[in-house]
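In case you want the letters, here they are:
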Amino acid sequence: MKTYYAPEDLSKFPTVGEGAPELWKKFSEWYGAVFAEGALSEREKALIALAVAHTVQCPYCIDAYTQTCLEKGSNEEQMTEAIHVAAAIRGGASLVHGVQMKNVVKKISL
Amino acid sequence: MQLPNSLDIFKYADKSADYNFASELKDSMIDQTYLNRFDNSLSDSGLHPLTATGITIFQANVGKLCNQACKHCHVEAGPGRKEVMQKDVMEACLNILEKTDIPTIDITGGAPEMNPNFKWFVKELRNKNRHIIVRSNLTILMEPEYKNLPEFFAENKVEVVASLPYYLEQTTDRQRGSGVFNKSIETLKRLNNLGYGREGSGLVLNLVYNPAGAFLPPSQKAVETDYKRELLRRYGIAFNNLYTITNMPIGRFLNYLDASENYNAYMERLISSYNPNTASQIMCRYTLSVSWDGYLYDCDFNQMLGMRVNHGAPSNIREFDMAKLCNRRIVTGIHCYGCTAGAGSSCGGAVV
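Going down the list, the sequences are from chains A and B. If you're matching positions, the first sequence starts at 978 in the working numbering and goes up one per residue. If you're matching positions, the second sequence starts at 74 in the working numbering and goes up one per residue.
Note that these hints are calculated values from the structure, not bench results. There's no promise every hint is true.
[What the hints assert, rightly or not] Taking lysine-lysine pairs in the BS3-like style, the calculated list, with each CA pair at most 30 Å apart, reads:
hint, chain 1, residue 1, chain 2, residue 2
1, B, Lys230, B, Lys172
2, B, Lys144, A, Lys1049
3, A, Lys1049, B, Lys256
4, B, Lys301, A, Lys1049
5, A, Lys1022, B, Lys301
6, A, Lys1022, B, Lys230
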């Protein structure tokens, strides 16, 4: 194994089901249902997935959902904005914990 | 398929007159392994052998000459190409239409407008009361020599199918060349002013989307909604329908797939997206394609691969036999997955 991540491994994802086929079946069905057209469009769901993929920093997901977003009709501008949303929440989540820091400072300061 | 590694797609963009990479690939493209692969998919769908159901569209590729050299072009058309349909082949086409009831003629290229006999051909077709489709790249209509063609199209009730791969300048120009988007927008405005794409005018203007890369087109309905909203909001432009067309692994797009190391992944994408519902309605079943030099093909893609009509049907326009051609067996290859992936693809857009 030369690297932890290899692009061709993405297509091997179903092999994860070999040890627990019933669980894999349930996951696959649920996953498919999650991304089906519903109250949100398939395009919107793909953009959410792309943003989340950047938050969890999964290279497989980034690869797959970049392609999916393009095939659902999103363009690079929209996809970049979606990533900024993820980054803003991620950055904001760090920053908002500054309130805790301030609380601690307040508690232990004269 | 093992392709040469040192291809540079850009160096071929301007050399298309003397270099045809697709023709080099012809032998490997029709390799039995690949033929069998698509035929196996057809067999699994109960469609093998694939046969024509008639001819309702006669598609004439009147030449490879074009004012553009787009990166995805399966024809590898460009300003240096010399292959142009002569008047005698056009006359043979007209004779066939005279003897048959094929309702629609679809004129393509290259830029078909650059054929010196283009206007004569359209007028003759109009006299025969056929529905005429012209596939235009739009920018040619900004050139001084061709600037009066929008009015000519309107007079002859020509349906215009125009290439506009995206409603954003950067994406369009990346694929079709610098400045193409703005010229295309100006031409679309002129066509709109003549009534094209406007309700009740009877003048039909359809646009063509194709992916700006190695991925499948989105839902035709969804992206048409985007185009209608954005072109109206940004430029006040209206049109009738949007056709989504899949990039075929032929010609310059094949060069790109190879140079960018996307060939295998793209082919796998096409093959794994095979949709039997599209195969039963694939355009070659009701279309016949004629090349600039009068040979017959099941589609424009087979034409560029040099895969003529076969299986006992005549392959030259001078031997045209409507009965044989209407029931002919289609010549297939690995590239056929391009028309059967996902929602399918045809000269009229998505299939299902």
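Each hint tested on the structure:
1. At roughly 22 Å between alpha-carbon atoms, B/Lys230 and B/Lys172 fall within 30 Å of each other, so this suggested pair holds.
2. In summary, the hint linking B/Lys144 to A/Lys1049 is supported, as the alpha carbons are separated by about 22 Å, within the 30 Å threshold.
3. A distance of roughly 27 Å separates the Cα atoms of A/Lys1049 and B/Lys256; the hinted pair therefore holds under the 30 Å criterion.
4. Between the alpha carbons of B/Lys301 and A/Lys1049 the distance comes to roughly 17 Å, so the proposed pair stays at or under 30 Å and holds.
5. Our distance criterion of 30 Å between C-alpha atoms is met by A/Lys1022 and B/Lys301, whose separation comes to about 22 Å.
6. Pair hint A/Lys1022 plus B/Lys230 does not hold up; C-alpha atoms about 43 Å apart against a cutoff of 30 Å.
In the structure shown, a violation is registered for the earlier hint numbered 6 alone.
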